[in-house]
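Got chain P sorted already, so can you dock chain A onto it with the hints?
Protein chains in written order, with the numbering used here: chain P, 284 to 696; chain A, 284 to 696.
No lab work stands behind these hints: they were computed from the structure.
With a Cα cut of at most 16 angstroms, we get these calculated EDC-like pairs of lysine to aspartate or glutamate: (1) A:679 to A:647; (2) A:581 to P:571; (3) A:389 to A:373; (4) P:581 to A:567; (5) P:531 to P:620; (6) A:312 to P:608.
Chain A residues, not near chain P, derived (Cβ > 12 angstroms throughout): (7) 326; (8) 333; (9) 337; (10) 361; (11) 363; (12) 508; (13) 535; (14) 633; (15) 657.
Partial list, derived from the structure: chain P residues whose beta carbon lies under 10 angstroms from chain A: (16) 303; (17) 306; (18) 415; (19) 424; (20) 573; (21) 581.
Only a predicted model underlies this, so the values are computations on that prediction, with no experimental measurement involved.
Glycine included, C-beta positions come from ideal geometry on N, C-alpha and C.
Number of protein chains: 2
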Amino acid sequence: MIQVAVMGHGVVGSGVTEILLKHSEEIAKKVQEEIYIKKVLDLREFPDSPIADRFTKNFDDIINDDEIKVVVEVMGGLNPAYDFVKKCLENGKSVVTSNKELVAAKGAELLKIADENNLNFLFEASVGGGIPIIRPLNQCLAANEVREIDGILNGTTNFILAKMIKDSMSFEDALALAQQKGYAERNPAADIEGHDACRKICILASLVFGRHVYPDSVHTEGITKVTLTDVEYASAWGGVIKLIGSVKLTDGKQEIIVAPMFVSEESQLSSVDGVFNAILVKGDSTGDVVFYGKGAGKLPTASAVVADVMDCVKHQNKRRYIFWEDADSSNILPFEETKYSMYVLANADDTDSAFAAANEAFGESKKLSRTNSEKNELAFVTPVLTFADFEKAVEKFEQSGAKVITNIRIAVI
Amino acid sequence: MIQVAVMGHGVVGSGVTEILLKHSEEIAKKVQEEIYIKKVLDLREFPDSPIADRFTKNFDDIINDDEIKVVVEVMGGLNPAYDFVKKCLENGKSVVTSNKELVAAKGAELLKIADENNLNFLFEASVGGGIPIIRPLNQCLAANEVREIDGILNGTTNFILAKMIKDSMSFEDALALAQQKGYAERNPAADIEGHDACRKICILASLVFGRHVYPDSVHTEGITKVTLTDVEYASAWGGVIKLIGSVKLTDGKQEIIVAPMFVSEESQLSSVDGVFNAILVKGDSTGDVVFYGKGAGKLPTASAVVADVMDCVKHQNKRRYIFWEDADSSNILPFEETKYSMYVLANADDTDSAFAAANEAFGESKKLSRTNSEKNELAFVTPVLTFADFEKAVEKFEQSGAKVITNIRIAVI
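Chain P extracted, bound-state conformation:
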């Protein structure tokens, strides 16, 4: 019998205990050990829980219990999760977490502590919820050189964008609907500003390229500025707008970004609907592989956590090979040097002469049109430019009297 503790009894945590209790027999059969939840840490009380007597409000009850070999951290947030996880790893307990903020901020350090103590630190659930992605990247695609990952990594923003695309709902209305359905928090900033997607692409980048990428070194744009006009132009161009987290190797450096992008309707990522996530992995041997499913939610995420717990139990005195080194941002391609073709929406008194000025400034561009466009509205797609050159071109273009309202990158996926 293996004794485990679960820290946090919120949405994911209650799902973890539910699965461990409900499927206890099948799980025991699969790992050839019974898994027993000895403690659940939460400040709240849950008198109706079938294991109400095993709840504690005191972390010491876990850290000082030498019989507990695996600890699940599903509290979320950086504090006190970081402190608790570190102490667990320093005290002979393997840790499983779904906490992307923790892994993105402290992954390298915690993996090192786990390594030094011959323990496991697993976090399948931190990216893609119930979609298997960390383990396939680490194992199944082990004989591959992964060159690029592009993902729809946040279900809330994908739901909002899908509502804008399919039902012509405004951003504000779609956000309100997402909140009403429980997909978005009352304070939705982490989702709609792209921070959640950023943490996830950082974890994937760290894993496949072996060096920790910290969120603050990643250019991150959310979807708050996306309008229905942009959605219509994306459609005219032949695609849809998605919030994409992307990392690839360019001249030996990691080119990493989170931003809304035009995605061609030919791409598998264009048809990812509602709260679903999809992660496209480009390997030198496999070609394109896509992993698709619900990226969040109680049971999908909890099932990924429990699969990691099972893996810990099966590998008790043998570490899983999962590791990356700490690193500064010297390996990240400066944002100004990243290259994209851009959709540009501008206002101009004379759109014909403004488009001529655009071709002059950005290079030969492709004009887009939509029905019911405003008289002074001009939309076009530029050639591929570094962001530095793009900004210079905007300045030059605006000397013609035109005014750039917005710009969105064109994804090559």
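Then chain A, alone, in the frame of chain P:
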């Protein structure tokens, strides 16, 4: 250093040696052991190979070499692969194979021998080529009760159907093109008759439900009877025709089938194009998860084989938990009891009265129409019926004078 042998130097085999040689350093770093190809078995000669001196035509050179710990079987076919693999497992060598015919026919027996000898028998590459599916099913989704798997498991037939759908190419022309491009064999029966897809769904079914399903207990239809008329009606209905391998639990029995089906354009599987494969896994906790990528080809398949070899090296004295029991077909739902809604194409002198007869015979059906239909052509979709009831209804319907030309199942995915 771990010594391995590769049996077969065809498309996949040459890819395996290529990857093992090209990526030897990264692989050694990942598994913390050098992997050395000691022998390659093939009857042909490859004087230009960088390891030409390690080729042998004699299996004894492998089986009698106690230093060889892992053997890769990529010869294909049942004989002599079965005999060779069995001997390897009986003689202390773990085996990695991409051979779906072997796993579908002999999986339970070979897994048992591997178990008895504390060795690994791994076959990630046997389903989905480079798409990770066996390991995610076995590990990442371990805390899930998998309820259903539906897949586009054969790239050749998907290429042919996609050409029919997108370019209105006839089946014969699309097959010829597939052969010209090297996607289809000169004798394409295994692909177009559905046998290849059948072997793969058998392997997946055996893995998730724990009992060996033999291909000859699975109702298998190929795509040779699919016409452009059917393609047009599928479009009128709101979907496309795909060759689907499907298994689900119905009343405790496995309902398993391979057949062309109408797939709604709302389904993630409808947009799977060209030679790609996609596998939809429905779990009680995760909901729908889809794995998508190239299902065949030299390097994708070889990279999956090498990942398994790496896993063998990492788990030398510790078995991977992968196992299913042998079983007869008593656990398979008889084909006559499987339930589907059906697309029916019929000829009738008076289509109006024939459709009235159809509603009478099958229950309330939905009429489909297409432009340029023949005068005496009637197409409709029946309610959900068991196949036994469907056949009775066809008999009754044809008493009206109408004649059923073809029928295709409607997938619920």
